[in-house]
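Whenever a hint applies, use it, and build me the whole structure from the sequences.
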Amino acid sequence: MTTTTVPTGLAPATRRAGLRGALRSEWTKLRSVRSTVFSLAAMAVIAIGLMSLIAWASMNRWSRFDPGERLELARHPLDIILVRPVFVGQLVVAVLGVMVISAEYTTGMVRSTLQAQPRRLTVLTAKIIVFAALMLVTGELLSFAAFAIGRPIIAAHIPVSLGDPGVARAVVGAGLYLAVLGLFALAFGSILRHTAGGITAVLGIVLVLSNLTGLLPDSWGHHVNAWMPTNAGMLIMQPQQAPDDLLSPWQGLAVFAGWTALLLIIAGVLLKKRDA
Amino acid sequence: MIEVRNLTKRYGDRIAVDHVSFTIRPGLVTGFLGPNGAGKSTTMRMILGLDAPTAGDVTIDGQPFVTLANPMREVGALLDAKAIHGGRTAYHHLLCLAQTNDIPKRRVDEVLEIVGLTAVARKRAKGFSLGMGQRLGIAGALLGDPRILMFDEPVNGLDPEGIRWIRNLMRSLAAEGRTVFVSSHLMSEMENTADHLLVIGRGRMIADCTVREFIEQNSERAVRVRTPDGPALAELVRGAGGKVVPDQADGLLITELALDRIGDLAFDNRIRLHELAPLQASLEQAFMELTKDSVEYHAVSDVAREG
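Just so you know, the sequences run in chain order A and B. Using my numbering, the first residue of the first sequence is number 1, and each one after it goes up by one. Using my numbering, the first residue of the second sequence is number 1, and each one after it goes up by one.
FYI, nobody ran anything at the bench for these hints, they're computed from the structure. Heads up, some of the hints might be wrong.
To be verified - Stretches of chain A that chain B covers, calculated by requiring three or more beta carbons in the stretch to come under 8 Å of a beta carbon on chain B:
#, segment
1, 33-44
2, 87-99
3, 108-116
Since we're looking at a predicted model, the values are computed, not measured. Each residue gets a CB set at the ideal place from its N, CA and C atoms; glycine is no exception.
Okay, structure coming up:
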């Protein structure tokens with residue numbers, strides 16, 4: 001350790017530091033911290049495990065449900081086996097999304113990151129692409145796994161198949177919803193630059209605010225509630241548009257994506273403007 | 001070469017860096033010296049594009065940092081040892097930086113070897129001591145084999161072994177013709193490593209010169225005399241235009257009068273001298289002298305005394 005060796009030569013760069021290198025770097029960052037792998041594994045186990053348990057319990061209690069309850073369950077065949085596991089899984093996606101950028105600030109890593117690539121929008125773009133891709137794959141795996149595992153459990157009383165109208169779109173859409181939610185959270189992490197603050201903001205919107213707007217009176221309250229980011233986004237998991245839904249499933253996802261795009265633009269502007 | 005022109009950074013109505021200009025040349029270790037809070041780190045952050053200047057500009061070989069093709073290959077910097085995600089291993093920390101600038105994996109192993117972290121390359125950085133974190137930060141700075149290197153307070157918290165290692169590293173990097181820019185609030189550190197000095201206090205440039213010039217210009221040359229006839233000699237020295245202050249026991253500290261003249265005065269007047277010695281002012285004294293008005297955070301007792 002006492003000898004001082006001087007850096008040896010390094011082959012010249014073949015290209016300018018840009019998106020390509022940033023993408024590789026961000027992928028290395030994501031896969032090299034334990035929290036990513038652990039969280040995603042925990043998410044899959046808990047979401048699907050909980051779903052299986054609830055599906056199984058519901059079938060066992062089927063004879064004790066009154067006819068109204070049975071009708072309600074049969075009308076929304078994906079509620080138990082898709083919407084519920086995605087609802088649980090989204091909590092992990094939200095946390096990971098916030099941390100993609102907030103962890104850079106809380107650890108100080110951001111100063112290394114921006115020295116290596118001072119073109120900040122390149123860094124943000126790379127983070128968005130890599131995280132969206134990871135969440136899309138994870139989200140689709142989760143939604144298809146949940147459907148595949150849940151379907152046989154509820155088949156006796158709530159038969160549902162991918163061929164039924166809107167079902168395949170709902171299952172694919174659940175994965176899309178998780179990917180968009182990941183970016184929605186990433187934007188909050190970037191804007192707030194604080195892990196706890198970012199998670200509180202995202203979960204506050206998903207779990208609290210989205211429900212509170214449902215209590216607003218009159219038709220404007222109904223509109224506000226429908227256009228809330230995750231309320232709109234979750235419509236994609238319904239096989240059919242309900243009579244009182246203001247938005248179609250795809251419109252709903254588009255509204256959620258629109259909110260997310262807006263937040264990402266704000267995140268980009270702030271990232272460029274603020275001192276690191 | 002780093003060129004800084006009229007660089008200014010304001011936080012609200014507080015000025016952290018105030019119209020600072022300097023040029024840092026290759027092949028030298030340039031020391032950036034100033035008390036804590038003088039604006040050293042802020043200046044370095046602006047050079048690297050981390051903070052936006054309120055006014056003025058910085059160029060690296062004529063270009064702003066943000067437009068450099070492969071920044072890590074031109075400038076390597078250690079700003080603080082904590083710019084690391086503790087959950088990542090030393091190897092992966094360096095790998096994700098290397099990938100942004102088209103630097104091969106082989107180079108990651110190479111710099112780990114240079115800083116002596118090969119044995120802990122697969123360990124997560126949160127278990128690292130301050131010294132190891134510092135070495136990992138230096139490994140990151142060396143990754144791109146850059147011609148310009150910047151270190152902000154690199155010896156902070158290091159043991160003597162680590163301090164010596166960093167000094168040698170900086171010297172050998174400069175000997176290869178690289179530009180080395182290193183900040184410290186410790187004068188003694190600069191005395192040992194720097195060729196050229198930039199001194200900053202309260203955001204303003206105070207000096208831009210060689211270490212030798214700095215000492216010569218900023219320290220009063222004093223002569224220490226011990227004599228049993230103190231009062232008589234003091235009288236004579238004052239008469240010849242010198243200044244006298246008592247020094248412990250039978251000693252006098254004389255300034256503004258050359259050593260030879262003092263000796264002659266004593267001889268001519270039959271005054272017995274027990275000691276006649278030039279006092280070599282250290283860089284530390286020169287620095288304290290120069291920055292005494294520009295220290296931002298005085299100790300409480302100083303404030304009380306001044307108030």
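Original post:
Count the residues of the segment 33-44 of chain A with a beta-carbon closer than 8 Å to any beta-carbon of chain B: does the count reach three?
Top reply: Check passed, 3 qualifying residues.
**OP:** Test coverage of the segment 108-116 of chain A by chain B using CB-CB distances below 8 Å; three residues minimum.
**Re:** holds (count 9)
Original post:
Within the segment 87-99 of chain A, is the number of residues with a Cβ closer than 8 Å to a Cβ of chain B three or more?
Top reply: Since 0 is below three, the answer is violated.
Going through the hint list in order, the structure does not satisfy hint 2, though it satisfies all others.
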